[in-house]
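Enquirer: Below, each chain spelled out in residue letters.
Protein chains: 2
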Amino acid sequence: MKSIYSFHEGSASMKELLGGKGANLAEMTNLGLPVPPGFTITTETCNFYLEAGEYPENFPDELGAKLSELENKMGKKLGLSENPLLVSVRSGAKFSMPGMMDTVLNLGLNDETIKGLIKNTGNERFCYDSYRRFVQMFGDVVMGVDHDLFEEAMSELKEKKGVKLDTELTAEDLKELVKSYKKIVPNFPENPLVQMKLAIEAVFNSWNNKRATTYRNLNKIPHDIGTAVNIQAMVFGNMGDDSGTGVAFTRNPATGEKVFYGEFLMNAQGEDVVAGIRTPLYIAELEKNIPEIYKELFSIKDLLENHYRDMQDLEFTIEKGKLFILQTRNGKRTAKASLKIAVDMVAEKLITKEEALLRVNPSQLDNLLHPSVDPSCKYKVLAKGLPASPGAATGKVVFTADDACEWTGKGEKVVLVRKETSPEDIHGMNAALGILTSTGGNTSHAAVVCRGMGKCCVAGAGDIIVSAKDKKFKIGGTEVSEGDTITINGTTGEVILGEVKMTAPSLDEDFTELMSWADEVRVLKIRTNADTPKDARLAREFGAEGIGLCRTEHMFFEEDRIDLVREMIVTKDNPKAIEKALSKLLPIQKEDFIGIFEAMDGLPVTIRLLDPPLHEFLPKINDTEKIAELASQTDLTEKEIISIIDNLHEVNPMLGHRGCRLGIVYPEITAMQARAILEAGIECTKKGIKVIAEIEIPLVCDIKEFIAAKAIIEKVANELKPNFKYKIGTMIELPRACLTADKLAEEVDFMSMGTNDLTQATYGFSRDDSGRFLPRYLELGIIKDDPTATIDQEGVGSLMKMCVKLARQTKDDMEIGICGEHGGDPRSVEFCHQIGLDYVSCSPYRVPIARLAAAQIVLKEKTEEVARRDHGVIKKAASPKYFPAYNR
Amino acid sequence: MKSIYSFHEGSASMKELLGGKGANLAEMTNLGLPVPPGFTITTETCNFYLEAGEYPENFPDELGAKLSELENKMGKKLGLSENPLLVSVRSGAKFSMPGMMDTVLNLGLNDETIKGLIKNTGNERFCYDSYRRFVQMFGDVVMGVDHDLFEEAMSELKEKKGVKLDTELTAEDLKELVKSYKKIVPNFPENPLVQMKLAIEAVFNSWNNKRATTYRNLNKIPHDIGTAVNIQAMVFGNMGDDSGTGVAFTRNPATGEKVFYGEFLMNAQGEDVVAGIRTPLYIAELEKNIPEIYKELFSIKDLLENHYRDMQDLEFTIEKGKLFILQTRNGKRTAKASLKIAVDMVAEKLITKEEALLRVNPSQLDNLLHPSVDPSCKYKVLAKGLPASPGAATGKVVFTADDACEWTGKGEKVVLVRKETSPEDIHGMNAALGILTSTGGNTSHAAVVCRGMGKCCVAGAGDIIVSAKDKKFKIGGTEVSEGDTITINGTTGEVILGEVKMTAPSLDEDFTELMSWADEVRVLKIRTNADTPKDARLAREFGAEGIGLCRTEHMFFEEDRIDLVREMIVTKDNPKAIEKALSKLLPIQKEDFIGIFEAMDGLPVTIRLLDPPLHEFLPKINDTEKIAELASQTDLTEKEIISIIDNLHEVNPMLGHRGCRLGIVYPEITAMQARAILEAGIECTKKGIKVIAEIEIPLVCDIKEFIAAKAIIEKVANELKPNFKYKIGTMIELPRACLTADKLAEEVDFMSMGTNDLTQATYGFSRDDSGRFLPRYLELGIIKDDPTATIDQEGVGSLMKMCVKLARQTKDDMEIGICGEHGGDPRSVEFCHQIGLDYVSCSPYRVPIARLAAAQIVLKEKTEEVARRDHGVIKKAASPKYFPAYNR
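Chains C and V, in that order, give the protein sequences. Okay, so the first sequence: first residue is 9 according to my numbering, each after it adds one. Okay, so the second sequence: first residue is 9 according to my numbering, each after it adds one.
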């Protein structure tokens, strides 16, 4: 077993053995870059040590040999007082675990070698500062000394010297401090070899410290892969005016522009750049300061970007006029930059279109479609809720939908704060810039409606106590009243007091281009959830290939028709009166559908029949005004209407009289809706519009239920004889529908999975109530991802797979999609592709995300062998298309 | 293909070919009984005819031959005017379909043969009455003439003759009527052979009439098996004083006593006995009238009972001193008789114990355990609801729980009528004799509590509009006020105005004996759902082998502790205050468990931790009195308490913050309950009581959730170090728990399926709200059996099977039971046995039902090859025991 690799012996492909950092240092070394030399102790050695409690037999010899090699390369020697070698000892696992494990810098210093360092640098203060830092770091990290003790010693000294800042301490002061520190670390080893041995062991042991273990749990990193240890010669950017240090990006990480971007400080250490005590210079200044170094750095950045084929974030140090590259990695970037860099690099023929597609994180696209909080700005978070609908909004707080409208009417920007929202709040939600609720989850009314509107929403901020009556909300000790300004960040779930700087949305050619590539790759179709012609047109612009869910009831709430809907409901048990009410609703519904068919000309439109419980449409029982109005509109007394409202009350409306259960008990309603759809389709077809209608029966639990509902529609169809193509299918949103999908498939023409309701039933979580415990569950790690945001593959997903398998056993070309909110979540989109669905449908603003995610999974399947067959699902033939050029 | 079998050519085993009636007539003929001769046209012939539209080729020849044979046997001839043969033509399918298909009697009559009949009978009036009946029946059934026309002709004649009753018409009048009838049936065929051919075809065709098809749909009888046709010589009990007719049972069908039981009329037809115009005589009188006939009949009844090995219901006719047996079948009987006959027949060595067990319908046992409406009495049904808890009760109507207590205190018997009940009504439910609700289903609060109490309940009588405020309820035009007397029948769901005759419950030695046999046979263990020591003791008397579900929260509602529970809830977010409240509750909970452990000494006790949402325990928000009380009990203001109550409101409490979600967010509550259980167990063990405790964590959806809850219990256990055996397991009541049962099995010690909640989640039906559509679904046949009463094997059952399979993959001896209300439903009990569960748990009063059903399925598996392996479930070794004697 070879325990140690010199940098030049490794490569980027050896991450498993050398860790990410070690492999990267090796790669750069072999590229001929000026990397401070060093070697890497393998992860295998770490595992051996952790298991056996000792090093492998030949380890000491190897270490000796590699150290000699390093000493020779550097012309310095560990512990040699004239020309001492100083090294850093750093952890580095296969997967990045930033800050979780230990690091020791400046190892090799002792009372002898300090002299050599002073001689070499000519900077006594720097040397003693380095020395005292080393003693402190070694004491803290390796010897386990309480780091408060160092702070105390420092404070004492500063008091004694009458200074306030560390920087005011002289070389002499620091020398004294080293002595104090050594008293705190009585076992401080002067022998640099002992220092190194202990430091290596400390790094090994830090693999199992609590924060590293927790981090691995959270990030699903295996516990048995161990960390490598990198021992590297120290270089110093603070050895005079011909020294310096900096960080640079190969392109602008904020905009994506192809310009060399970064900053540096001469005669400084890395931490000085970060600490902000001195103001760093733009990288372009380096060209003026030391043109030959700039030139070298410039060509290195080109080399690195070309080599890694991605924008790089690199760290460099100049020691006495010599450039060293300390690190390179793929640079973090904004959504906008991510998109631009990916598209530009394709134009530069640096990467393929496929690679470009994989470079952009679909979730990030959200930021391009909505205003967002400027990532550079600092603010205090007042409370946290669920990030229910992305984007951010700043506005004055209002507590009722009516107030939201009124204030907006007066030109104010408002955020509507509610305990929860209901369909009655729609007008206020429409008026507000954003919505904040204290209960409800990711699929609560507020969340779903806001995503549909592309409006930001923080839902279920459970710590907030909303008092709509008093027009204020409380959070801890803070009270926020009507008119106070808050900012909500729907991308993070943060609630912030006051205003925060925002960045505006932007959709440019890069976006359009990348999307067109995605469309060429993906197999999954992307539809949208849209209830109005306006939403339908918007979604079509975003690339939707049809409507996967048109909720007819959302149309019911509009001003001009809610009265008619109410009339229909209160007269439901009087055949004559309901017939009258329905005859008034019919032409309005028909107009709605005409508008949608026109907007979706040539694309399929799935229209769901009335779904919510009827009481949702009625006025509240204490709303005497509206009740009186309703009484005057019908032959009923106010008392009778109150009694009807009272009788419609349900204990668990989610599990109550809704979905097709309504249309079966009140077949007139289903018949009216079927007539509106079919008459609209007939009229549109006559006008030359291509209508593809899918009539969807919701909440079916049994085939007989479906047959009963279908019969009502077919009776109308037999009468009207439609001149266009239509299907009758069902929403799959109950576990029983999945379990009996083979039976259902005998009768249904298509299936659309309502994964919101399916998740609720499978978990027994109500979207409106889970706010009471779900945040705690996420906090405790009982649930890793909110299942209403990302499909729970283990539970809900297994029902979905069952459904697909059973349904296609009966009908092998059964069209199956999903229309839950998961349709816009990248991981869920990937899962839907993998189990062989035909499409996902999501709110208009999430269509681009779904398009990209659907393309990525195709590419991942090819490159990472994420095989669809692993899911054991029968998928009808659908051979993914690739770009002809894709042939690396 | 042989199309026709003479009776002597068939046997009881040929039901498929000859139909039930034909096979039975054949069997009796071959037993040498005096059955009027005849023959049966096979079901195959029917199917051939229905498919081809014509008879098989050789059919006419066969019919001719069989007819000659019959004519020879009878010494009569079809169509011969001197001595005409008259026959009946009756349908008879494999499965009894009473009244669904057509029958023609007296076939062979025409204007010629009537003369011979008159000569033979000497009773002209009877003959013409028979003739006009034949013409009418033939016209109606065979020729499809509107039967109103016959009524009109009859009315006209009576008016003309100035009489009111049919019986007042003379022979001459009837002769005239025959003429009128023949005008109504102008194509009436005089030729008896044509009559016969048309009658046979009419019977064949009646197989596909609407009511027969509907009946088969409802009773799951295949549509392709066809009916046989029985042609049998007519015999007449009204040919003079040496003729007669009667029905008899081989034992008393009401009591089960072994006495010959029945009644007869001399010189009468069968319909005279039924019509009640003359009063029939007891069968014993026959001995005095015609001793030789009685003797013959007596020996025939013995022969039949011994042959069929069951109590027989037989029909006989005496024609001119000759006895004919027209029919025998297993007699319908009361629950009491069923039990007595089964046990007696074992003593008589007529049947085996196994057969005796299969003879008693487990559902019928309910009638033995509760008072029930006397089946012989007639009453008008006011409304129908769900038969939620069996038995019947008559009492004065009250509308609040408090009124129920008050009236009962004054010595009144009351029925509590509510829209729905809640835990706050418990005291009133306890006081009332029965409960009637207008909403809610078979697992609603009212239903579950009543079954537990053994109290009758009609739930979800949706047509009733209850106004508790006005103290009355309305149903259609009827208004029932406080104090009015009603009767509710929880066995049928009927609501009756006024009082109805009841039969008292009876539990005798027969019952005990049969139950002991059941216990020897069954594999499945039977536990009970009991929350108090009293219920536990009762259930043990009924044969429960442990408690499968002890709902700790039911204890919380008792007078002395609800205040403490409320204190616990309102102080839940204040660690110090809740600790104080819990410390007061702890000793009380502990006492509860001590009582239960004592009652169940040596048997397992499954204790479920707090399950319902907290708001269920709190006063209503407008109950200022109780809120004030609660405020005085705590440091909170009334306003704060109102705000807490308001904040606990949930949109869908069934899917809300309940089950283990409570104990995880408020671990102090779980810890207190664990401490109460464990301390109670320790104390009981010290007293020499054998404690087997199963601590059950409710509503688990994920293994991590279980682990979190278990950790709280184990922390307490580590402190207390219990000296007895206990397990920690979970309730399986969410689809996700079934889908991930393999994972759960890694941690849980036992699983108990809460099939109530599982059914609700799988169907998306709330027990509290399904009353709005479930009755309509049952009516439309969309759902055949209420899934909250009988396990839905297709949907919920497939999740259950999945759970058993997955759990035992991980842990092959995993203890799995069910504790939902299905545990007392015979078909569900059978299913639980078949999928390999260890036990079912049901309310005390249903324990005997479950014991019997569990035995029956073992026997059915042996005799009917209902193989458990069909369900593909791995079942740990459990070879059923049989009686050594069982060796037929």
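Incorrect hints may appear among the rest.
Note that the list lumps identical chains together, so a pair holds whenever it fits in one copy or between two copies.
[What the hints assert, rightly or not] Only pairs whose alpha carbons sit at most 20 angstroms apart, straight line, appear in this in silico DMTMM-like list of lysine to aspartate or glutamate: (1) Lys628 x Asp654; (2) Lys479 x Asp654; (3) Lys482 x Asp654; (4) Lys712 x Asp793; (5) Lys809 x Asp750; (6) Lys480 x Glu648; (7) Lys218 x Glu755; (8) Lys813 x Glu802; (9) Lys712 x Glu802; (10) Lys392 x Asp581.
These aren't lab readings, by the way, just hints derived from the structure by calculation.
Enquirer: When Cα atoms must be at most 20 angstroms apart, do Lys482 and Asp654 count as within-copy, between-copy, both, or neither?
Expert: between (32 angstroms within a copy, 16 angstroms between copies)
Enquirer: At most 20 angstroms between C-alpha atoms: does Lys628 with Asp654 qualify within a copy, between copies, both, or neither?
Expert: both (9 angstroms within a copy, 17 angstroms between copies)
Enquirer: State whether the alpha carbon distance between Lys813 and Glu802 is at most 20 angstroms within one copy, between copies, both, or neither.
Expert: both (16 angstroms within a copy, 16 angstroms between copies)
Enquirer: When Cα atoms must be at most 20 angstroms apart, do Lys392 and Asp581 count as within-copy, between-copy, both, or neither?
Expert: For Lys392 and Asp581, only the inter-copy Cα distance (19 angstroms) is at most 20 angstroms; the intra-copy one is 46 angstroms.
Enquirer: Cα distance capped at 20 angstroms. Does Lys480 pair with Glu648 within a copy, between copies, both, or neither?
Expert: Between. Shortest inter-copy distance 16 angstroms satisfies the 20 angstroms Cα cut-off; intra-copy 36 angstroms does not.
Enquirer: Is it within a copy, between copies, both, or neither that the alpha carbon of Lys479 lies no farther than 20 angstroms from that of Asp654?
Expert: For Lys479 and Asp654, only the inter-copy Cα distance (17 angstroms) is at most 20 angstroms; the intra-copy one is 28 angstroms.
Enquirer: Check Lys809 against Asp750 for me: Cα-Cα at most 20 angstroms, and say if that holds within a copy, between copies, both or neither.
Expert: Close inside one copy (12 angstroms) and across copies (18 angstroms); limit 20 angstroms.
Enquirer: When Cα atoms must be at most 20 angstroms apart, do Lys712 and Asp793 count as within-copy, between-copy, both, or neither?
Expert: between (36 angstroms within a copy, 13 angstroms between copies)
Enquirer: Between copies, within a copy, both or neither: which fits Lys218 and Glu755 at Cα up to 20 angstroms?
Expert: This pair counts as neither: shortest intra-copy Cα distance 56 angstroms, inter-copy 24 angstroms.
Enquirer: Is it within a copy, between copies, both, or neither that the alpha carbon of Lys712 lies no farther than 20 angstroms from that of Glu802?
Expert: between (29 angstroms within a copy, 13 angstroms between copies)
The structure fails hint 7 only (numbered hints given earlier).
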